[in-house]
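Chemist: Below are the chains, spelled out letter by letter.
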Amino acid sequence: MPSPEDQPEPRRRGFGQLAFFAALALGSGLLLWRRDGLPAIEAGIDASLSLVLAVAPVILGAMVVAGYAKALLPRALIARWLGAESGLKGLLLAMAVGMVTPGGPFASFALVVGLAGTGADIGACITYLTAWSVIGLHRLIMWEVPLLGVDLALLRFGACLILPLIAGIAARILVRRFGLQPLPTRIG
Amino acid sequence: MLISVVTVWTIALGLAGFALWRRPDAHRPALATGWSMLKPLMLRLPLAILAASFLSQLLPKAAVAQLLGAQSGLPGILLAAIIGGLFPGGPMVSFPIVIAVYQAGAGTPQIVALLTAWSVYAIHRVMAFELPMLGTRFVLFRLAVSLLLPVIAGILAGLLQDALGLPAMLDGGSFALPAPAGGQ
Numbered sequence: 001m002p003s004p005e006d007q008p009e010p011r012r013r014g015f016g017q018l019a020f021f022a023a024l025a026l027g028s029g030l031l032l033w034r035r036d037g038l039p040a041i042e043a044g045i046d047a048s049l050s051l052v053l054a055v056a057p058v059i060l061g062a063m064v065v066a067g068y069a070k071a072l073l074p075r076a077l078i079a080r081w082l083g084a085e086s087g088l089k090g091l092l093l094a095m096a097v098g099m100v101t102p103g104g105p106f107a108s109f110a111l112v113v114g115l116a117g118t119g120a121d122i123g124a125c126i127t128y129l130t131a132w133s134v135i136g137l138h139r140l141i142m143w144e145v146p147l148l149g150v151d152l153a154l155l156r157f158g159a160c161l162i163l164p165l166i167a168g169i170a171a172r173i174l175v176r177r178f179g180l181q182p183l184p185t186r187i188g
Numbered sequence: 001m002l003i004s005v006v007t008v009w010t011i012a013l014g015l016a017g018f019a020l021w022r023r024p025d026a027h028r029p030a031l032a033t034g035w036s037m038l039k040p041l042m043l044r045l046p047l048a049i050l051a052a053s054f055l056s057q058l059l060p061k062a063a064v065a066q067l068l069g070a071q072s073g074l075p076g077i078l079l080a081a082i083i084g085g086l087f088p089g090g091p092m093v094s095f096p097i098v099i100a101v102y103q104a105g106a107g108t109p110q111i112v113a114l115l116t117a118w119s120v121y122a123i124h125r126v127m128a129f130e131l132p133m134l135g136t137r138f139v140l141f142r143l144a145v146s147l148l149l150p151v152i153a154g155i156l157a158g159l160l161q162d163a164l165g166l167p168a169m170l171d172g173g174s175f176a177l178p179a180p181a182g183g184q
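First to last, the sequence lines map onto chains A and B. Each residue of the first sequence is one higher than the one before, counting from 1 in the numbering used here. Each residue of the second sequence is one higher than the one before, counting from 1 in the numbering used here.
Since the hints were derived computationally from the structure, they do not count as laboratory data. All values reported here derive from a predicted model rather than from experimental measurement. Just so it is clear, CB atoms sit at the ideal spot from N, CA and C, and this is done for glycine as well. Worth double-checking, as some hints may not be accurate.
Covered by chain B, according to a simulated footprint, are these stretches of chain A (three or more residues, beta-carbon under 8 Å) [stated by the list, open to error]:
1. 26-36
2. 44-56
3. 61-72
4. 88-95
5. 105-113
6. 160-167
Derived coverage of chain A by chain B (criterion: at least 3 residues anywhere in the stretch with Cβ under 8 Å from a Cβ of chain B; other residues may be distant) [unchecked claim]:
7. 139-149
8. 170-182
Assemble the whole structure, with the sequences as input and the hints as a guide.
Modeler: Below, the structure is given as structure tokens:
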């Protein structure tokens with residue numbers, strides 16, 4: 001039986017996004033042209049070109065990293081690490097695993113769906129998802145450092161480092177005090 | 001900028017070297033994955049950056065600075081968290097727009113709150129993946145325990161900034177935007 005992790009990533013709505021950006025660029029370009037004239041448009045194109053050229057080598061490298069990380073770090077291994085520990089140690093492990101999990105949202109959610117069926121701790125699941133989304137290394141390296149600059153990217157990383165633990169502990173407290181059952185019990 | 005190029009390619013070559021040594025079968029799927037991730041970006045990212053560059057010139061700088069500037073304090077952080085939560089799309093949409101807002105005069109703690117809200121609440125991700133895969137109950141539970149995280153991040157960023165003696169406005173990366181033309 002194929003587990004949810006083995007299924008291919010569903011096709012993103014690639015065309016819709018492309019159309020969205022094209023429309024956004026066209027619309028804002030027209031507005032800017034009407035307000036500030038052609039020099040503003042030229043300045044905008046210049047700035048964009050230099051940014052695209054600057055981030056291209058980073059993004060190219062990041063794709064190689066993401067590809068190898070996905071090929072070398074099988075989901076089954078990540079899932080085993082996640083279910084392995086409880087207590088604060090379990091949360092710290094979930095946080096570390098979330099930080100290094102490469103790839104898009106589908107893979108990470110699929111992992112949580114798989115975990116839910118094995119009776120995993122809700123705190124670890126929440127900590128994992130929060131770590132993956134706010135302090136994921138792939139995002140830091142791929143997007144934040146090139147686009148935000150090292151200082152801002154690292155400051156944000158530092159300020160967010162504790163968030164996955166806060167969320168995980170809050171989740172455990174809520175479940176314990178109110179007997180909530182937020183995880184789907186059946187495996188899809 | 002150079003530092004991220006070097007970091008990324010060091011990691012990339014390190015991983016490729018490891019694969020060469022221990023897992024030669026991994027090269028092909030790794031490069032295939034990388035290519036499939038890169039392909040959609042090749043048109044989308046330049047367009048997104050262009051749109052952001054125009055938008056940043058259109059943004060009313062005075063209003064941004066007043067609402068989200070460093071001196072806007074906790075209300076500014078709260079507002080930034082709400083705005084970040086409503087941001088559509090993945091990183092390639094949002095980062096250039098976030099930079100436009102930063103360049104228009106938003107404060108650093110406010111920008112951190114905005115970025116964090118966008119990654120924690122992630123409306124686009126909730127709709128496309130989380131709701132169908134994990135269900136409404138889980139989504140609401142996760143959002144409930146995450147509700148205050150962006151505000152906490154904003155406050156911590158301000159404290160860190162003071163403690164480290166960083167300037168109010170950090171280096172905005174390579175996204176050097178043109179000064180508003182404003183008829184000059």
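Chemist: Tell me whether the statement that chain B covers the stretch 170-182 of chain A is true, taking a Cβ distance below 8 Å and needing three residues at minimum.
Modeler: Held - the stretch 170-182 of chain A has 6 residues with a Cβ nearer than 8 Å to chain B, which meets the minimum of three.
Chemist: Is the coverage entry for the stretch 105-113 of chain A by chain B consistent with the three-residue Cβ rule at 8 Å?
Modeler: holds (count 6)
Chemist: Against chain B, does the stretch 88-95 of chain A show at least 3 residues with beta-carbon separation below 8 Å?
Modeler: violated (count 0)
Chemist: Checking C-beta pairs, does the stretch 139-149 of chain A have three or more residues closer than 8 Å to chain B?
Modeler: Answer holds; 10 residues pass the 8 Å Cβ test.
Chemist: Are 3 or more residues of the stretch 160-167 of chain A near chain B, judged by a Cβ distance of less than 8 Å?
Modeler: Holds: 5 residues of the stretch 160-167 of chain A have a Cβ under 8 Å from chain B.
Chemist: Can you tell me if the stretch 61-72 of chain A counts as covered by chain B, using C-beta to C-beta distances under 8 Å and a minimum of three residues?
Modeler: holds (count 12)
Chemist: Given as covered by chain B, does the stretch 26-36 of chain A meet the bar of three residues or more with CB within less than 8 Å?
Modeler: Held - the stretch 26-36 of chain A has 6 residues with a Cβ nearer than 8 Å to chain B, which meets the minimum of three.
Chemist: Does the stretch 44-56 of chain A contain three or more residues whose Cβ lies closer than 8 Å to a Cβ of chain B?
Modeler: It holds: at least three residues are needed, and the stretch 44-56 of chain A offers 10 whose Cβ sits within less than 8 Å of chain B.
Hint compliance for this structure: hint 4 is the single one not met.
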